[in-house]
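Enquirer: Protein sequences, first through last, are from chains A and B.
Note that my numbering has the first sequence beginning at 5, numbered continuously upward.
Note that my numbering has the second sequence beginning at 5, numbered continuously upward.
A hint or two may mislead.
Since the list gives no way to pick out one identical chain from another, each pair is judged satisfied if it fits inside one copy or across any two copies.
[As the list claims (entries may be wrong)] Only pairs whose alpha carbons sit at most 16 Å apart, straight line, appear in this in silico EDC-like list of lysine to aspartate or glutamate:
| hint | residue 1 | residue 2 |
| --- | --- | --- |
| 1 | Lys402 | Asp118 |
| 2 | Lys168 | Asp118 |
| 3 | Lys281 | Glu90 |
| 4 | Lys126 | Glu380 |
| 5 | Lys284 | Glu35 |
| 6 | Lys281 | Asp118 |
| 7 | Lys407 | Asp316 |
| 8 | Lys126 | Asp179 |
| 9 | Lys126 | Glu20 |
| 10 | Lys407 | Glu20 |
| 11 | Lys126 | Glu35 |
| 12 | Lys281 | Glu388 |
| 13 | Lys326 | Asp108 |
| 14 | Lys58 | Glu20 |
| 15 | Lys126 | Glu144 |
| 16 | Lys290 | Glu59 |
| 17 | Lys58 | Glu90 |
| 18 | Lys126 | Asp147 |
| 19 | Lys126 | Glu220 |
| 20 | Lys168 | Glu380 |
| 21 | Lys319 | Asp52 |
| 22 | Lys281 | Glu144 |
| 23 | Lys394 | Asp147 |
Treat the hints as calculated values from the structure; they're not laboratory data.
Since we're looking at a predicted model, the values are computed, not measured.
There are 2 protein chains.
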Amino acid sequence: MLVVQKYGGSSVANAERIRRVARRVANVRAEGNSIVIVVSAMGDTTDDLINLVKEITSSPPEREMDMILSTGEQVSIALLAMAIKELGVPAISLNGIQVGIMTDNAHTRARILDVSTTRLKKELDRGNIVIVAGFQGIDESNDITTLGRGGSDTTAVALAVALKADLCEIYTDVDGVYTADPRIEPNAKKLDLVSYNEMLELANLGAVVLHPRSVELAMQYGIPLHVRSSFNHNLGTIVREVSSMEKTLVVTGVAYDLNVAKIGLYDVFDKPGIAYKLFKSLANEKINVDMIIQSATRNERNDISFTCSRNDLTKALSVVQKLLPEIGASGVTSNDNVAKVSIVGAGMVSNPGVAATMFGVLAEEGINLEMISTSEIKTSCVIEAGKAEKAVRVLHDKFNLAK
Amino acid sequence: MLVVQKYGGSSVANAERIRRVARRVANVRAEGNSIVIVVSAMGDTTDDLINLVKEITSSPPEREMDMILSTGEQVSIALLAMAIKELGVPAISLNGIQVGIMTDNAHTRARILDVSTTRLKKELDRGNIVIVAGFQGIDESNDITTLGRGGSDTTAVALAVALKADLCEIYTDVDGVYTADPRIEPNAKKLDLVSYNEMLELANLGAVVLHPRSVELAMQYGIPLHVRSSFNHNLGTIVREVSSMEKTLVVTGVAYDLNVAKIGLYDVFDKPGIAYKLFKSLANEKINVDMIIQSATRNERNDISFTCSRNDLTKALSVVQKLLPEIGASGVTSNDNVAKVSIVGAGMVSNPGVAATMFGVLAEEGINLEMISTSEIKTSCVIEAGKAEKAVRVLHDKFNLAK
Chain A
5 MLVVQKYGGS SVANAERIRR VARRVANVRA EGNSIVIVVS AMGDTTDDLI
55 NLVKEITSSP PEREMDMILS TGEQVSIALL AMAIKELGVP AISLNGIQVG
105 IMTDNAHTRA RILDVSTTRL KKELDRGNIV IVAGFQGIDE SNDITTLGRG
155 GSDTTAVALA VALKADLCEI YTDVDGVYTA DPRIEPNAKK LDLVSYNEML
205 ELANLGAVVL HPRSVELAMQ YGIPLHVRSS FNHNLGTIVR EVSSMEKTLV
255 VTGVAYDLNV AKIGLYDVFD KPGIAYKLFK SLANEKINVD MIIQSATRNE
305 RNDISFTCSR NDLTKALSVV QKLLPEIGAS GVTSNDNVAK VSIVGAGMVS
355 NPGVAATMFG VLAEEGINLE MISTSEIKTS CVIEAGKAEK AVRVLHDKFN
405 LAK
Chain B
5 MLVVQKYGGS SVANAERIRR VARRVANVRA EGNSIVIVVS AMGDTTDDLI
55 NLVKEITSSP PEREMDMILS TGEQVSIALL AMAIKELGVP AISLNGIQVG
105 IMTDNAHTRA RILDVSTTRL KKELDRGNIV IVAGFQGIDE SNDITTLGRG
155 GSDTTAVALA VALKADLCEI YTDVDGVYTA DPRIEPNAKK LDLVSYNEML
205 ELANLGAVVL HPRSVELAMQ YGIPLHVRSS FNHNLGTIVR EVSSMEKTLV
255 VTGVAYDLNV AKIGLYDVFD KPGIAYKLFK SLANEKINVD MIIQSATRNE
305 RNDISFTCSR NDLTKALSVV QKLLPEIGAS GVTSNDNVAK VSIVGAGMVS
355 NPGVAATMFG VLAEEGINLE MISTSEIKTS CVIEAGKAEK AVRVLHDKFN
405 LAK
């Protein structure tokens, strides 16, 4: 069997943990498998590098940021290759350039375009366990790019797709995907199985066990993922296509995200092209906008609200300010003291009233809803940040997720 | 003018020093020059990485060692590029793969075979200050190699050669090349000018300001080097071809090297091919042998002594042990408590008696000579390690180098 395994930063945070991963990998190989390992940077390495950069500049050029950040993974792949060879098992480390992980040139948030399998297959054919640096690639100019935080998950799935792997295991420091964050809701339950769509919503909504783009990619190519802990041998959560017969749970999980800021524009001109202009300008600055709400027309003016990540707030506000003459807003407000709380479940679409139940529970707790957004399988509300944890607990309880 | 500058690890050891280098570089550019900068890893980074490796294995595979060590320079080039851009000056960092610094595949001690100038010239044409990772390259398999400690000097000279640079400046933490190590001999004097050959001998003999291979390369292509301090604007030492009229000093400097171990073989068969077998076997294990002495024949048996670096001693002894049946030595001794003290000067060849003066001075001080080796421009003696500093001082004094 050809297995791709991904180990996150906490799984390789120090020499002892690297040796543990090495033993685990060696055992999987002893069972006769071919193995490709994707590794993140050790523990806090990425943060340490960012702090080093902050001593030099407050606005680092993104190309140079990728140059420096990509070293973190290069250190961990070399150490893991050494630890595996120390066990007498052949291994070789490859960085993004050496594998040929081609991306676009959106530095610090690049997307994978193609993965070359030439070198990977050559090393597998030689009997090597191949250890690949996660999170990084190269663009067409041969410049180093990174995929954004959590991008190693995407690297692993992309390699699994390119190599047509039989299995893609994502090792992390928790046992799998839970109905809610167990640190907040002690009754949260591990899910044995979630569909790609549910996982995608959960990942996008702040459940940090999997990078959303890795789920997208796995869904697109039908690669099943096994999310599990590197600290024990328990079975984790399988993420795969789930047939409708299996969709028994109306609500699968509750997620929350504190990395949210909200911007409101009042009395925007009500004419075609205004929303395009606004969100195109934000996109040009590579600001990811999440929820967008436009109120009904009133005196030929609209109110538009949207959310973005907190660290993009300043940039987003300056984009908005520049556009004011064109879009004609009478006022701009912003708030980064908000959180997004969401319920997710593939069964929601066929169960009317689930969203209403959510609103009711939050209202009972005196939690005000600032924005609402729904899809077929999720409902999200923006609320005051300080009430996010409480909201998670009451929703988890209301939808009986601990059962 | 096209200038190549190299900054060592102490010149970029922290954010403040990196900013200082950035200002210096920006000033040189403001004078209208094109600039390529070669940088080493920050301060103790390389040692920190080696310590990390030691936690995993005591015998790291050299390919993986190069994978991890090369990250040190990748961090410092990105930071320096950021610091220069922060001053409003365009800059870009390139690692060894991106430049195309082709080497052989002797990991951890690779030699540069070729430097591609395509990317370098493209970035210079765009007006960028180009910052290149020293010490690293790639072999024909696209694997990362390193050039050995101090290899960044060689990178700088190789780039200067490839780009036909007008000037190659080597910035370090001392003011230039001295007649002896100023920490040992307070009267040591900075030299304004030394010839390639003298510098080569000094570098090989333990004067650590320049990597010997960088001097070889500069000599081969006639690139003048300017060795100077990054902490002030004093003129340093020029290393270039020196015409005989300028060769006024009989002895230019005194050097010493504590990284020496000595191996002696007694009663080796006196027949053709024995020395070849011995030193070929050592070379196969990549052990650099420095001095070799074979005594006159005695009963059809020879004594052979040689020196190598201290960290190669164990490996060298095991090579020798394996060969004993073939070479027939009756005994093997080794000693790593020795040092090599040398005097260097292009004028020595035309001044008979210089070596004898050296031996006499050392004898007066009761320093025993365990091995002697001479060339046209240097004389080296292996002595007891504890007496090395004293030997440097008395030789410096005897040859009037403080004048």
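Enquirer: Hints the structure violates: just list their numbers, smallest first.
Expert: 1, 3, 4, 5, 6, 7, 8, 9, 10, 11, 12, 13, 16, 19, 20, 21, 22 and 23
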